[in-house]
Amino acid sequence: MRVRVLITRKEGLADPEGVETHRALRDLGYGGVTEVHFGRIINLSVDGDDAVAAVAQAEEMCERLLANPVIEDYSVEVVE
Amino acid sequence: MRVRVLITRKEGLADPEGVETHRALRDLGYGGVTEVHFGRIINLSVDGDDAVAAVAQAEEMCERLLANPVIEDYSVEVVE
Amino acid sequence: MTEPAHRRLGMTDDEYDAVVAILERPPEPAELAMYSVMWSEHCSYKSSRAWLGRFPTAAPWVVVGPGENAGVVDLGDGWLAALRIESHNHPSFVEPYQGAATGVGGILRDIFTMGTRPIAVWDPIRFGPLDEPKNRYLMKGVVAGIAGYGNAVGVPTLGGEIEFADCYSHNPLVNVMALGLLRREQLVLSAASGEGNVAVLLGAATGRDGIGGASILASASFDEASGAKRPSVQIGDPFEEKKLIEACLELYARGLVVGIQDLGAAGISCATSECAAAGGMGMDVDLDDVPLREADMTPGEILMSESQERMLAIVAPEDVDEVLALADKWEIEAAAIGTVTHGGALRVVHDGALVAELPAASLSEEAPLYRRPSQQPGGLEAAWAAAPPLPEHVDVGDALRSLLDDPAIGDRSWIYEQYDHQLFLNTVVEPGHDGSLLRIKGTHKGLAVSTDGDSWRCRLDPRRGGARIIWEAALNVAVTGARPYAVVDNLNFGNPEKPAVMWQFRETVEGMSEACEALGIPVVGGNVSFYNETDGVDIHPTPVVGLLGFCDPMPEQPPRLDRAKEGMGIWLLGPEDRGDFAASAYARTVLGIATGRPADADPDMGSAVVHRTIELAGWCPVLHDVSLGGVAVAVAEMCISSGVGARLEVDDWRDLLNESPHRVIAVLPDRGDPNDVVPIRRIGTVGGDTIDFGEYGSIPLGEAAAIWRDALPRRLG
Amino acid sequence: MTIAVVVFPGTNCEHDVVHAMRVLGADAELVWHRDDDLAGAAGVILPGGFAHGDYLRTGAIARFSPIMSEVRRLAETGAPVLGICNGFQVLCEAGLLTGALVANRDLRFICRPVHVRVESTDSVLTAAAQVGAVLRIPLNSYEGNYVAPPEELAALEAAGEVVLRYSDTSGAIDEAHNPNGSTNNIAGITNAASNVAGLMPHPERAVERILGSADGRVLLESFVASVRTPVRT
Ligand SMILES: Nc1ncnc2c1ncn2[C@@H]1O[C@H](COP(=O)(O)OP(=O)(O)O)[C@@H](O)[C@H]1O
Ligand SMILES: [Mg+2]
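From first to last, the protein sequence lines are chains A, B, C and D. Note that the working numbering gives residue 88 to position 64 of the first sequence, counting from 1, and the numbers run on in steps of one. Note that the working numbering gives residue 102 to position 78 of the second sequence, counting from 1, and the numbers run on in steps of one. Note that the working numbering gives residue 1120 to position 445 of the third sequence, counting from 1, and the numbers run on in steps of one. Note that the working numbering gives residue 84 to position 88 of the fourth sequence, counting from 1, and the numbers run on in steps of one.
Hints are computed from structural coordinates only; laboratory data are not their basis. One thing to keep in mind: the hints can contain errors.
Stated by the list, open to error - Pairwise CB distance ranges, derived in the manner of DEER restraints:
hint, chain 1, residue 1, chain 2, residue 2, range
1, A, A80, B, R47, 14 to 24 angstroms
2, A, R47, D, D102, 24 to 34 angstroms
3, B, R47, D, A168, 21 to 31 angstroms
4, D, G21, A, L52, 34 to 44 angstroms
5, D, A151, C, D964, 55 to 65 angstroms
6, D, D102, A, E84, 19 to 29 angstroms
7, A, M25, D, E25, 52 to 62 angstroms
8, C, S1088, B, E35, 29 to 39 angstroms
9, B, E35, C, T677, 58 to 68 angstroms
10, D, L103, C, D688, 48 to 58 angstroms
11, D, R69, A, L52, 19 to 29 angstroms
12, B, R47, C, S1088, 19 to 29 angstroms
13, D, T165, C, P808, 36 to 46 angstroms
Unchecked claim - Straight-line C-alpha distance at most 30 angstroms; calculated DSSO-like pairs for lysine-lysine:
hint, chain 1, residue 1, chain 2, residue 2
14, C, K721, C, K1173
15, A, K34, B, K34
16, C, K809, A, K34
17, A, K34, C, K721
18, C, K1173, C, K809
Glycine included, C-beta positions come from ideal geometry on N, C-alpha and C.
Use the sequences and the hints to build the structure in full.
As structure tokens, this is what we get:
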């Protein structure tokens, strides 16, 4: 089954990439954009079809490797 | 309103982050992981509350700037 | 009842009383915040100041000594060099990538504050043993952070230094040194002169980054408690810093800057008060004009924020518009936040209300000064007495198999190939040699730099160890043909409230000072990092030096490790000592013993060897100073780089593995060194495809190379 | 002025390129990315660095700078345009060259001399070189891993528009001497009209022996020569 991990920077921490991309969008005329925040997505395909187990395992992977808990938050979603 | 843009590498094109992370996950004992693909999340806050318009605009931003159509696919989701 | 505010901010009751005495009233919250950070160990050097005065700081070529953002020395013909070193130890433990990245950003600002573009960075770093996953994670993160920031900001990293020891497992050391090159007329200082001049804040918006970082992270021990106190992690933005550098350089070029100060520890508090105090002036600051990244920040937070990539420029009122326009061109934010005033008072307004009013100078000049008790640690004599027991006979080939695999000896290219070390087209001798050598375009001048530390020797004898790192650094630049010219030091120590740590500190300063005096070189700057202690365990006393060497003219073909050729003679320049095994790589790595007493430096011999080495650099294809692993490792490194073996003939294996100071391997194409002021003797010949020690064994060149090259990759992947 | 060296915010090799041009006796001048006028330049170099911090995607934001429409216009006249490292990435993003550059195979920044073999002399970058010549030139990038969709890659190869490949010292091309995972060891390419070229290694870092290698000269000399004798199309 397929699980997706969404990783974003913690609230309040600087997001230089978001800031510069926001500037670029404004230059392109998208004045209606008020905030831009960057994150990473990691799509995982895992054996088995126990969604609960898959999510639990993905969360463990985030704690151990995929996310940096000091500066990032993560969430896990089952895709199908 | 908030819109989430997901950008991933096109199938079949090199995804070094995915490959490297897959290897690391296997080293950590997650043998059940069969595929790992990396992508970027760009969370946008935009004025107005017309979801359809917001998505259309975000898709246009992807075509013009946020994604590189040569090597990337993108999708847009309304968050709330 | 709850703890009083000043204690929560790491301030003692006595210090609080001192503040009350200065203000003649209890401080307002914002004022207390400012004193607590500015009087912290990190910003005020309250435990070290009394002893740093011991350093020799004078020389005819010193233009700016300790006290400014960077030291500056004269290179002749109107050229100056600016140098500085800083530590970012605790932040790098909290978040290795960002901690190291922001460390680079900070040291670069210290250089371009002086009026010029930084042209190179060095990174002396220390970690726990790499068999620990956490230590591997820390090292990979730190190296990636230095690369990620340094490469993107557009300043090459020309080398560094690395050590491993258990004491660094919970307290890695990340020191960064930077070098700038400028014309005399470019020099800018921080003083804010001229009543009515305007303080313009340039660069990134101010957020809650590292609130209290300086006082709390770097001025208190790192135990569980501080986990709770963690300031929010500072995120480095090399792109913002790059724009800031270009903007400042153009401001200087147009003569728009009266004085300038970078924002580092203690942010706006530090920059505004230091600028004002340096000029004997005061300043009115309006926090409502500070561009904020997060709304609803308190005055104290805005004053203490350590948001990166910010500078405070003092400009004449009539120039403000031009300054703002220039900032706009470089796409950085700029805001006039203050005015220089008479009378020395720093007044801070927020929401129209006065939130702080204090004597600007009191934040720095009236900071507490402690002469903390110091006492030699117990058990040191016992350690000195326990010299490593040496075998009768040693197979040096086998010893090399372990030594070349020591991550502190093996090939460092895993690290420096992640750093741009060529930008600006100055790099004549790149990392991987002893000292790095830079040319100064359009002249015949060259600058060499080596960063060195030796915590294992300093742990056994901080005075001798402190002296020897200066001597080693001196030889490292001498082999490029450069003469030792100036030093910056980074003193990384444990908890200064412990007499044993204070003793280590004072002994170190003494030893380093003696060596600098013998070499006739000034200390032009540095940094002290105390409280490198975790759960009561202090790190080794870890002084680190960055030594600048200068040559004019630069050798046409400077010696390199890869220039040895079949048939050339291998000579050993320096004293005949063979007894120095205390804390040697052989004793630690092969025998597993780190006791004994390191040999003392010999100032006369040391100076003679340095000077002779500089002369030899004019015509020797290879010069390599003997350090970790002794002659055996020095020769092996040369053989591996040159792709050719060697045969050594010595009459005692100890000649190959001992680490006594002041020795250099010289490869001479002909009959050797015509000069005999310094002892020099032939120890072998270049050639073949093995490194052969005669009766003391041998190792095939290919095997040696493979072990040496894989030492870091096999551990770090 | 003959050669314009474009400076984006975050560009950092501009002064090195100008220095190299001087060493080769050509004159080059810096042009700010917000300018919309190449002031009569006969050729353009987009130097290395981190335009806009490499944020979002390397080269992505730079391609919208006002100067880029001028670069495009000049390229269409057949004038020589060269992208080095980050400049190559910008040209790909701008669609002036095929493909894209992604993170190195080992996810580590690589700064070291590599060997490249000249595959074609039909470009402003290689005109003065010999096919098969092996050059030692510093690489300095995190995103130097060349990728392109299969059809475009096939077309590129078929048209002989790959001008440089990573190789060993003898010119042998294999995975062992592919520093960053680039498809087909591609280090440099040109466009169909062969007036626009891009490469990841830094030839400007290899024009003076004292810095380790002068192998970059032949490439930059090719470019300078083509600027002096433009092939208008
Ligand atoms: N160990 C030292 N040896 C010599 N000078 C030192 C030492 N530690 C600090 N200094 C000098 O004290 C001044 C203030 O240091 P610091 O507060 O770290 O500067 P900054 O505020 O720029 O970070 C600097 O000029 C520095 O060179
Ligand atoms: Mg400073």
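Hints versus structure:
1. A:A80 / B:R47: 14 to 24 angstroms: Taking Cβ atoms as reference, A:A80 and B:R47 lie about 22 angstroms apart, which means the hint holds.
2. A:R47 / D:D102: 24 to 34 angstroms: holds, 32 angstroms
3. B:R47 / D:A168: 21 to 31 angstroms: Holds: the Cβ-Cβ distance is about 27 angstroms, inside 21 to 31 angstroms.
4. D:G21 / A:L52: 34 to 44 angstroms: With a Cβ separation near 41 angstroms, D:G21 and A:L52 satisfy 34 to 44 angstroms, so the hint holds.
5. D:A151 / C:D964: 55 to 65 angstroms: holds, 57 angstroms
6. D:D102 / A:E84: 19 to 29 angstroms: holds, 26 angstroms
7. A:M25 / D:E25: 52 to 62 angstroms: 59 angstroms Cβ-Cβ, so the 52 to 62 angstroms window holds.
8. C:S1088 / B:E35: 29 to 39 angstroms: holds, 36 angstroms
9. B:E35 / C:T677: 58 to 68 angstroms: Given range 58 to 68 angstroms: holds, Cβ gap about 59 angstroms.
10. D:L103 / C:D688: 48 to 58 angstroms: The hinted range 48 to 58 angstroms holds for D:L103 and C:D688, with Cβ atoms some 51 angstroms apart.
11. D:R69 / A:L52: 19 to 29 angstroms: Taking Cβ atoms as reference, D:R69 and A:L52 lie about 20 angstroms apart, which means the hint holds.
12. B:R47 / C:S1088: 19 to 29 angstroms: Holds: the Cβ-Cβ distance is about 22 angstroms, inside 19 to 29 angstroms.
13. D:T165 / C:P808: 36 to 46 angstroms: holds, 38 angstroms
14. C:K721 / C:K1173: Satisfied, since the Cα-Cα distance of roughly 15 angstroms is no more than 30 angstroms.
15. A:K34 / B:K34: With a Cα-Cα distance of about 28 angstroms, the restraint between A:K34 and B:K34 holds, given a limit of 30 angstroms.
16. C:K809 / A:K34: Answer holds: C:K809 to A:K34 is near 22 angstroms, not above 30 angstroms.
17. A:K34 / C:K721: violated, 35 angstroms
18. C:K1173 / C:K809: holds, 28 angstroms
Consistency note: the structure conflicts with earlier hint 17 alone.
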